[in-house]
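Chains as they are written, first to last, in my numbering: chain A, 1 to 254; chain B, 1001 to 1254.
Please keep in mind that the hints were generated in silico from the structure rather than gathered at the bench. Beta carbons: idealized from backbone N, C-alpha and C, even for Gly. Some hints could be false.
[Said to hold, decoys possible] Now the stretches of chain A that chain B is said to cover, found in silico as 3 or more residues with beta-carbon under 8 Å:
hint	segment
1	6–14
2	53–66
3	95–109
4	130–139
[Said to hold, decoys possible] Derived DSBU-like pairs (lysine-lysine); straight-line CA-CA distance at most 35 Å:
hint	chain 1	residue 1	chain 2	residue 2
5	B	1064	A	16
6	A	209	A	89
7	A	108	A	172
8	A	44	A	243
9	A	64	B	1089
10	A	64	B	1016
11	A	172	A	198
12	B	1112	A	172
13	A	27	B	1064
14	A	89	B	1112
15	B	1172	A	108
16	B	1089	A	54
17	B	1044	A	108
18	B	1108	A	243
19	A	27	B	1172
20	A	172	A	54
21	A	54	B	1108
22	B	1243	B	1198
23	A	27	B	1108
24	A	89	B	1108
25	A	172	B	1089
26	A	172	B	1221
27	A	64	B	1243
28	B	1064	A	54
29	A	44	A	221
30	B	1044	A	64
31	A	64	B	1027
32	B	1243	A	108
33	A	16	B	1188
34	A	44	B	1016
35	B	1044	A	54
36	A	44	B	1064
37	B	1027	A	44
38	A	27	A	199
39	B	1172	A	89
40	B	1193	B	1221
Number of protein chains: 2
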Amino acid sequence: MIKVIKVGGGIIEQEKSLTLFLNAFSKIEGPKVLVHGGGRLATKVADQLGHSTKMVEGRRVTDKNMLDVVTMVYGGLTNKKIVAALQAKGTNALGLSGADGNLILAHKRPVKTIDYGWVGDVDHVNSSLIINLIQENIVPVIAPLSHDGNANILNTNADTIASEVAKALAQKEDTQLILGFELDGVLKDINDKSSVIKKITPELFDALKLEGSISAGMIPKLTNAFDAINAGVSSVIICDALKVGENEGTLISA
Amino acid sequence: MIKVIKVGGGIIEQEKSLTLFLNAFSKIEGPKVLVHGGGRLATKVADQLGHSTKMVEGRRVTDKNMLDVVTMVYGGLTNKKIVAALQAKGTNALGLSGADGNLILAHKRPVKTIDYGWVGDVDHVNSSLIINLIQENIVPVIAPLSHDGNANILNTNADTIASEVAKALAQKEDTQLILGFELDGVLKDINDKSSVIKKITPELFDALKLEGSISAGMIPKLTNAFDAINAGVSSVIICDALKVGENEGTLISA
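Could you build all of it, start to finish, from the sequences and the hints given here?
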């Protein structure tokens, strides 16, 4: 089974949590792929370069200057730091953006009410490249960047990349998607860290939404998780990023 | 035959010359590898971020801040722009730093009279990775960054990377090294652009040095070229970067 593990920007932007995450990640046995988020480092670098950051509904608006910044920070600094750290742990990591080896082809999001700028919606994942690398015992480390085939890099949400990569791999191999974040899993009560829901089925998800007992931020994550399952991914785990590989957290299954 | 083509920072930092170079590069048939330099964009970004650039004998002193900048700019912005542009031309490029797939292992240069900071001297090139990628019809695009195996990225001169990559490949495959730069080749008279020396043998190189008719900047380039040949590289061509693949310029051979 191939495990596609996504880690968010919140974990990787702190030296300490990044190290703990990479320790956990490097111990996972078998074929694996890492998809990392961007995080606030891009905002900080953009600020220092005199570019202001505009967010709409939690998503970064990516003008040309911001595109250069995310290409530098996500594709360069963050990706290479993770790769070098994994290499030091004996994990043969290889960093990729969506342009590398034509890994993730996307199109610039059409402007409806909001112009997100140079943001890409994924059209195709080159799963053969990932499978070839895995067969060489290489661990792909994917930055949240796609490309449009016309020489443009595009900024793409890391959750989306992880989910699209897992869905594409699932067409060829048994694939699990693991979404690592700051909490132990999906909580029944947002104020009670021990209220992790062990398993969520579509029926339970509907019931939780009706009850209103699930936090608003979790709904898109869970919706994406069920999309992945409907597209052939065997299972999705939402868990503490520092415990990936421990089979804890919330299991999403059909 | 595998062609390892090096292009300097001076070419890639100008949109127009970069495009012309990539057009020429994409037309080269057969297995090929691109090694790109950094150029002054790192200096510009460092300036904007408030880090001053210190050069000693034409080499950048790389403190921790500058290391982050070159990792961002060379490994992120420049590398991914080149990869996306080549993808648009139908060349299946894949960008790599020396950390990716443990491609270029180096050690931090020991401090003698000058402390160059986080600069790497190459110990080993993982030529198998390059050969595996080439067999998948992938064109590796290598940024001038190595790593030390202890989670540190190191800044390494692109000429050195190109030469070490060619030498390592030459142990397994017939390999040619092509050094693309701003002139048509090695000039007999620096003031006469048409005075390109067609072929330089070790004997002629010695004679030219004695005569003093070769520019100081060319001597390390030619010395490196002969080192590559002595280490098994079939031939070295020094030529106009915009004409790589045209078999013009200066041929260095034993």
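Hint-by-hint comparison with the structure:
For the segment 6–14 of chain A, the stated coverage by chain B is violated: 0 residues have a C-beta nearer than 8 Å to a C-beta of that chain, whereas at least 3 were required. Interface restraint, the segment 53–66 of chain A with chain B: violated (0 residues with C-beta to C-beta distance below 8 Å; minimum three). With 7 residues having a Cβ less than 8 Å from any Cβ of chain B, the segment 95–109 of chain A passes the three-residue criterion, so the hint holds. Here the segment 130–139 of chain A counts 3 residues with a CB under 8 Å from a CB of chain B, which clears the bar of 3, and the coverage holds.
Simply put, residue 1064 of chain B and residue 16 of chain A have alpha-carbon atoms about 18 Å apart, close enough for the 35 Å limit, and the pair holds. Note on residue 209 of chain A and residue 89 of chain A: the hinted pairing is violated, with a Cα-Cα distance of about 42 Å set against a maximum of 35 Å. For the hint linking residue 108 of chain A to residue 172 of chain A, the alpha-carbon distance of about 27 Å falls within 35 Å, and the restraint holds. Our distance criterion of 35 Å between C-alpha atoms is met by residue 44 of chain A and residue 243 of chain A, whose separation comes to about 28 Å.
Simply put, residue 64 of chain A and residue 1089 of chain B have alpha-carbon atoms about 22 Å apart, close enough for the 35 Å limit, and the pair holds. The hinted pair formed by residue 64 of chain A and residue 1016 of chain B meets the criterion: a straight-line CA distance of about 18 Å does not exceed 35 Å. Between residue 172 of chain A and residue 198 of chain A the CA atoms are separated by roughly 28 Å; this keeps the pair inside 35 Å, and the hint holds. In summary, the hint linking residue 1112 of chain B to residue 172 of chain A is not supported, as the alpha carbons are separated by about 54 Å, beyond the 35 Å threshold.
Between residue 27 of chain A and residue 1064 of chain B the alpha-carbon distance is near 29 Å, which keeps this suggested pair within the 35 Å criterion. With a C-alpha separation of about 30 Å, the suggested pair residue 89 of chain A and residue 1112 of chain B falls inside the 35 Å cut-off, and the hint holds. Annotation: proposed proximity of residue 1172 of chain B to residue 108 of chain A is violated, straight-line Cα distance about 42 Å (limit 35 Å). The straight-line distance between the Cα atoms of residue 1089 of chain B and residue 54 of chain A is roughly 33 Å, inside the 35 Å bound, and the hint therefore holds.
Taking the CA atoms of residue 1044 of chain B and residue 108 of chain A, the gap is near 29 Å; set against the 35 Å cutoff, the hint holds. Of the pairs offered as hints, the one joining residue 1108 of chain B and residue 243 of chain A holds, with about 34 Å between alpha carbons and a cut-off of 35 Å not exceeded. Between residue 27 of chain A and residue 1172 of chain B, the direct Cα distance comes to roughly 33 Å. Compliance with the 35 Å bound is thereby established for this hinted pair. Restraint check for residue 172 of chain A and residue 54 of chain A: the C-alpha separation of about 39 Å exceeds 35 Å, so the hint is violated.
Using a Cα cut-off of 35 Å, the hinted pair residue 54 of chain A and residue 1108 of chain B is violated, with the two alpha carbons roughly 40 Å apart. Only pairs whose Cα atoms come within 35 Å are accepted, and residue 1243 of chain B paired with residue 1198 of chain B is accepted, the gap being roughly 15 Å. Note on residue 27 of chain A and residue 1108 of chain B: the hinted pairing holds, with a Cα-Cα distance of about 28 Å set against a maximum of 35 Å. Using a Cα cut-off of 35 Å, the hinted pair residue 89 of chain A and residue 1108 of chain B holds, with the two alpha carbons roughly 19 Å apart.
For the hint pairing residue 172 of chain A with residue 1089 of chain B, the CA-to-CA distance comes to about 28 Å; that is within 35 Å, so the pair holds. A hinted pair counts as satisfied when its Cα atoms are at most 35 Å apart, and residue 172 of chain A with residue 1221 of chain B does not qualify at roughly 48 Å. Between residue 64 of chain A and residue 1243 of chain B the alpha-carbon distance is near 31 Å, which keeps this suggested pair within the 35 Å criterion. Between residue 1064 of chain B and residue 54 of chain A the alpha-carbon distance is near 29 Å, which keeps this suggested pair within the 35 Å criterion.
Proposed proximity of residue 44 of chain A and residue 221 of chain A is supported: the alpha carbons are some 26 Å apart, at most 35 Å. Restraint check: the Cα-Cα separation between residue 1044 of chain B and residue 64 of chain A comes to about 17 Å, which is no more than 35 Å; the hinted pair holds. Proposed proximity of residue 64 of chain A and residue 1027 of chain B is supported: the alpha carbons are some 29 Å apart, at most 35 Å. Restraint check for residue 1243 of chain B and residue 108 of chain A: the C-alpha separation of about 34 Å stays at or below 35 Å, so the hint holds.
Restraint check: the Cα-Cα separation between residue 16 of chain A and residue 1188 of chain B comes to about 57 Å, which exceeds 35 Å; the hinted pair is violated. In summary, the hint linking residue 44 of chain A to residue 1016 of chain B is supported, as the alpha carbons are separated by about 31 Å, within the 35 Å threshold. At most 35 Å may separate the alpha-carbon atoms for a hinted pair to count; residue 1044 of chain B and residue 54 of chain A meet this at roughly 24 Å. Between the alpha carbons of residue 44 of chain A and residue 1064 of chain B the distance comes to roughly 17 Å, so the proposed pair stays at or under 35 Å and holds.
This hinted pair does not check out: residue 1027 of chain B and residue 44 of chain A have alpha carbons roughly 40 Å apart, beyond 35 Å. A threshold of 35 Å between alpha carbons decides the hint, and for residue 27 of chain A with residue 199 of chain A the separation of about 24 Å falls inside it, so the pair holds. For the proposed pair residue 1172 of chain B and residue 89 of chain A, the alpha carbon gap of about 28 Å is at most 35 Å, so the pair holds. With a C-alpha separation of about 18 Å, the suggested pairing of residue 1193 of chain B with residue 1221 of chain B holds against the 35 Å cut-off.
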